[in-house]
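Peer 1: So the chains spell out like this:
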Amino acid sequence: MHMSFDFPAQATRQLPSNLACRCVKVDAASWRRAAEELSASGGRFLTLWGADDRGRDGRFRIYAAYLLPQDVLVLEHDPGDVANPTYPSLASQFPSALRMERAIYDLLGVASTEPDNRGWLRHGGWPETVFPLRRDVDGTQQYPVVSEAYPFLQVEGDGVHEIAVGPVHAGIIEPGNFRFSVVGEKVLRLEERLGYTHKGIAKRFEEMRQHDGYRLAARLSGDSAAAFSWAYCAALEAIAGTVCPPRATNLRALALEHERLANHLGDLGALGNDAGFAFGLTQFSRLKEDLLRTNVAAFGARYLMDYILPGGVALDLPEHASRALLDQYLTLERDVKNLRSIYDEHGGLQDRFREAGRLEKDLAAKLGAIGLVGRASDVCCDLRVDHPWAPYDRLKATLVTQTSGDVAARVQVRFGEIGESLQLCRMLLEDVSSGPIRTEVPLAEPDRLGVGLIEGWRGPVMIALETGPDGAIRRCHAHDSSWQNWPLLEYAVLGNIVPDFPLINKSFNLSYSGHDG
Amino acid sequence: MFDTLSTMLRTGILTEPAPVSTEAPVVIETLQKDLRNILGRALCLRHVDAGSCNGCELEIQALNNPYYNLEGVGVKFVASPRHADLLLVTGPVSVNMEEALRRTYDAMPDPKIVMAVGDCGACGGIFGTSYASRGRVANIVPVNHTVSGCPPEPTALLRGILQIVRSKFSDS
Numbered sequence: 001m002h003m004s005f006d007f008p009a010q011a012t013r014q015l016p017s018n019l020a021c022r023c024v025k026v027d028a029a030s031w032r033r034a035a036e037e038l039s040a041s042g043g044r045f046l047t048l049w050g051a052d053d054r055g056r057d058g059r060f061r062i063y064a065a066y067l068l069p070q071d072v073l074v075l076e077h078d079p080g081d082v083a084n085p086t087y088p089s090l091a092s093q094f095p096s097a098l099r100m101e102r103a104i105y106d107l108l109g110v111a112s113t114e115p116d117n118r119g120w121l122r123h124g125g126w127p128e129t130v131f132p133l134r135r136d137v138d139g140t141q142q143y144p145v146v147s148e149a150y151p152f153l154q155v156e157g158d159g160v161h162e163i164a165v166g167p168v169h170a171g172i173i174e175p176g177n178f179r180f181s182v183v184g185e186k187v188l189r190l191e192e193r194l195g196y197t198h199k200g201i202a203k204r205f206e207e208m209r210q211h212d213g214y215r216l217a218a219r220l221s222g223d224s225a226a227a228f229s230w231a232y233c234a235a236l237e238a239i240a241g242t243v244c245p246p247r248a249t250n251l252r253a254l255a256l257e258h259e260r261l262a263n264h265l266g267d268l269g270a271l272g273n274d275a276g277f278a279f280g281l282t283q284f285s286r287l288k289e290d291l292l293r294t295n296v297a298a299f300g301a302r303y304l305m306d307y308i309l310p311g312g313v314a315l316d317l318p319e320h321a322s323r324a325l326l327d328q329y330l331t332l333e334r335d336v337k338n339l340r341s342i343y344d345e346h347g348g349l350q351d352r353f354r355e356a357g358r359l360e361k362d363l364a365a366k367l368g369a370i371g372l373v374g375r376a377s378d379v380c381c382d383l384r385v386d387h388p389w390a391p392y393d394r395l396k397a398t399l400v401t402q403t404s405g406d407v408a409a410r411v412q413v414r415f416g417e418i419g420e421s422l423q424l425c426r427m428l429l430e431d432v433s434s435g436p437i438r439t440e441v442p443l444a445e446p447d448r449l450g451v452g453l454i455e456g457w458r459g460p461v462m463i464a465l466e467t468g469p470d471g472a473i474r475r476c477h478a479h480d481s482s483w484q485n486w487p488l489l490e491y492a493v494l495g496n497i498v499p500d501f502p503l504i505n506k507s508f509n510l511s512y513s514g515h516d517g
Numbered sequence: 001m002f003d004t005l006s007t008m009l010r011t012g013i014l015t016e017p018a019p020v021s022t023e024a025p026v027v028i029e030t031l032q033k034d035l036r037n038i039l040g041r042a043l044c045l046r047h048v049d050a051g052s053c054n055g056c057e058l059e060i061q062a063l064n065n066p067y068y069n070l071e072g073v074g075v076k077f078v079a080s081p082r083h084a085d086l087l088l089v090t091g092p093v094s095v096n097m098e099e100a101l102r103r104t105y106d107a108m109p110d111p112k113i114v115m116a117v118g119d120c121g122a123c124g125g126i127f128g129t130s131y132a133s134r135g136r137v138a139n140i141v142p143v144n145h146t147v148s149g150c151p152p153e154p155t156a157l158l159r160g161i162l163q164i165v166r167s168k169f170s171d172s
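Here the protein sequences come in this chain order: A and B.
Okay, so the first sequence: first residue is 1 according to our numbering, each after it adds one.
Okay, so the second sequence: first residue is 1 according to our numbering, each after it adds one.
With the rest of the complex left out, here is chain B (with noise of 0.2 Å):
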């Protein structure tokens, strides 16, 4: 107990400052603020590997990790659909993921927010649309935002977030 408590003490806080990326600080700072002043309430995220590499998954699981601190500033990733604003996307849609896809959707309150994430999720990708790809997401559900890159850094990630806030959230 003695070690995880000094442990924890050296380690400190991370969240603030970033140390390498200068931009992520800025990024997360606003995103609290506007979360606050927009929606009152945390952001709730429901995540969707509609056939990706897996690689979309690591960063955006790297959101949680101490720099980011993402679930500190009111987003929060949650179980069901049900509970989520906002969807995050990712891979090509396979044709095996298709309908859990779909499924997941409707089960979504309204407004339903989508965000394709990674190139595979805006455009296709490498696999592009085949036998067994329906290429970007937006073929099969609709799509308010998307966040590119293979895979795409935290930081972009978090900017996406913050873009949805103020776009799709602020009439509400």
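One chain only, chain A, in its complex shape (with noise of 0.2 Å):
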């Protein structure tokens, strides 16, 4: 990729990460201009946030960062007049930015140039005059919730009904909306509505201290804890300079890649039994609790909240441990193995994974499709691959792809990632030195901004952390790959049977509490 301009050097900063990244200050011309050169040259979007400035300089702040094949690229506007602050939407760029502009607006009161103004987070729980991330609004007063109409885009013809599903959905899942319009069984459209397990998670952040923000960092999305704990904590410890312990930066790999396999298991065993396949969730479900049983003997505990912390990690490895954990891998390398060909070689659900579901690969990629989802319709990103950070950089994990962009794909992706996963971590178990497993973290300068970046399951996460007086929060954003893939998700079901849905949901599996937040 060739950037066609280039942006002055004293408007160029660096920024504390756990990758190359760097900040730049643009106009609303640079910043819609970047946005439009980012797209044509296959730039990769990958987060937008503001930030309440005007106690500290009279402004507000919006920032977008973009993937670059060498490095981060941190976009930062001032959206000007603050009784109307106002800055370039970059939906037509990149379609996933207008759910971040909504949510943006509904938090802060900045608005994109976009029109689409239908509450997004806000969904009537506190009044539209409030706006919960500026500074001056006390983030811990309630407001009688006030129902407000929320229009759907409505489809017309003949034959065409809706069915409405949700918020409260029949299993054990989060809530969301979903509202289809169909003729007979066929989906003619899908239009989701999501924000109900919005929990003011970024206010939250700046009523913490930096030490402690791991914690909540890691409770964005369950499935997603050591991911999100880890992002926080790199982006925390960039900012104050420290150097985490060889032996505790392969405890946390090892402790993201058993995350992914835990995820990975319990989906293919789900994906089974939404094609019929009770077998499959047995068999599944039992080898994700054997790991999960594990994680116990070698973190501390079944999920991993507060295994990785400012500095390092809670617990250290036990030695046993290590040989027990490497027998396991053997078993459940065999056990794996065994179930994908008896998944491969069923025809009943092939005949369900295959075509349902289908995202082509030029609608992924310029929807700007990104990890798991991503890569089953061959758009080629793991950033463990294309952007490793320690100690990936010298792992040297294998990209997983496919081309055919449908259910079966999703779940052969998950099939080759326990795979590359279980080699990861027996490199990282091979490798483990002795030697401390934390360091302390000094209080960070204020008003510093760092950024940490992490591959989790699903795809990127990211913590964006700008640090307060006295170990203070200023400002903490945290975005999830799900933002990216959940509007994939209503094309993806295009052209569908409605009953296949629930199938092809799950071949998705997007957290919406880390979309809520």
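To be clear, the hints were calculated from the coordinates, so they are not data collected in a lab.
Among the hints, erroneous ones may be present.
Far from chain B, by Cβ distances over 10 Å, these chain A residues were calculated [said to hold, decoys possible]:
#1 D71
#2 L363
#3 D386
#4 P446
FRET-style restraints, in silico, Cβ to Cβ [what the hints assert, rightly or not]:
#5 S80(B) / D344(A): 35 to 43 Å
#6 R10(B) / A164(A): 42 to 50 Å
#7 N139(B) / D344(A): 47 to 55 Å
#8 N139(B) / T403(A): 44 to 52 Å
Don't be surprised by glycine CBs; every beta carbon is placed ideally from N, CA and C.
Both chains come to you apart, so use the hints to assemble them.
Peer 2: Right, dumping it as structure tokens:
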């Protein structure tokens, strides 16, 4: 990729991060032009966030982060007039930006030029004149819920009817609203409405100390606790100039790969089940449970909520656990291989998987598909491979991709990544050097912005952390890759039949909580 | 088909005894006995995520794996609150889920037993109360029992269900 325009050196600064990262201040024209050129040259849009700096220098700020082949580019933009701050929408270049722009308006009252002004995170739970992320707004103030109508786009025509699903779903899953427009069984349109689990995480960060924020980050999306807590710690450590000890870095990666394994195992079972093959659920949920029980011996808990913390990890890996882990990887590898061939050769199962929920490569790339969903549509991106941070820089992970973009492809990527994860885990254990598992992280200087970017099991998760004085958090933006991939589900389901939606949805398995914040 | 059947045979029945956790089998056996004696039929659960991080959901789902085999002892998850004896609620209650949670609770038949699951459901957890969160489940609907933990382990959930069966359904 070649950027045909240069940013002036005086407007550019390096940001502390686990990856190479720079921040450039741009005006509205450059903001727009950069989006056009980045879009044309294959730059990946990562996230968008805003901050209220009126108390510091009388301005609001909007930031957009992009992934370039060589580094992360953060563009910083001043949306002008504090009474009516506005910035150019990125949605025509990067469609996934639209919902982020709506969310920024709901929380900060800074508007993009995009006309869709329906609340995204605000469903009437607080007044539309209150913007909770503004620094002069008391985040603990509660308001009565005032239900507001939410106009879904109507599809009209002979025999078209709507099916409304949610927010409470018939299963043990997170809440969200799906509005289908269908003819017979066929889906003509799906419109999602999310935000139901919004619990004010960004504002809550600002009440926490820098050294405690990792706990909240881990709970952004419980199934990605290791990824988010690592991203948080990476940002904080980079700002404070701390280098995590090598043993701790290896153990963090081991935890992240175990998180990937557990989620992939769970999904493969659920996908079998959703296609009527209960055997798959039984087998894979057994393997997942075995892994979670091993986690207790290795990391002290089934789910790694508070394992990765500033400066290292909470618990050392016991000597004997290492041996037990290697044994378990062998068994797991053998069992998954067996189950993979059963899945592959089961005609009824493949009949449901193939061609269902197909997302073509061109569309996936254009819409900004990322992470596992992207890789299943041959959109090749995995931070562990293309932007490796320690210890992935020496592990040389292999990219797993598929080309067909259907449920079958998303199943195959999971199978492939289980194999790859097991390889990485073995390398990490072989190479786990002795030494400390934690180092002191000094109080970071105030007003520093740092970025942590980690490839979680779904895709990249990002934390942009801005420090306040005396160990306070001034602003913390957390981003889950589900933001990018939720809109793609609306496309993947088109032309499919309604009864295939649960299967297609499960093959994406996106986070509601990670998205809603 | 041969591979499927031979895998089933090789896997065998895992429910008893569970290899690592020594508590689980005891709770499962007791739960089955109590359900038979007290309720005389299956216990129907409905789950509502009122704003959780999805950690609690993972452990509730685990109850249906072959080790805990919750359905095997007579506890099943149902799709409608109208069919539910017991409502499991996770998460701090987000303001955006407040109404949906109330409606779910209202749709339940009496005696409307509610179990708040996880630290967030029990006390608001790390999210507490704010412009977006109402905190613990009891702030919105009456709660009979809480199971703490972040997330609570399946055995803790089983024990919670067992206690509810004993204390809330023993008169009926």
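Peer 1: Now, for every hint given, state plainly whether the structure supports it.
Peer 2: Evaluation of the provided hints:
1. D71: Given a closest Cβ separation of 31 Å, the condition holds.
2. L363: Given that every Cβ of chain B is farther than 10 Å from that of L363(A), nearest at about 28 Å, it holds.
3. D386: holds, 28 Å
4. P446: Holds, because the least Cβ-Cβ distance between P446(A) and chain B comes to about 24 Å, which exceeds 10 Å.
5. S80(B) / D344(A): 35 to 43 Å: 36 Å Cβ-Cβ, so the 35 to 43 Å window holds.
6. R10(B) / A164(A): 42 to 50 Å: The hint (42 to 50 Å, Cβ to Cβ) holds, given that R10(B) and A164(A) are roughly 45 Å apart.
7. N139(B) / D344(A): 47 to 55 Å: holds, 50 Å
8. N139(B) / T403(A): 44 to 52 Å: Distance hint for N139(B), T403(A) holds at roughly 50 Å.
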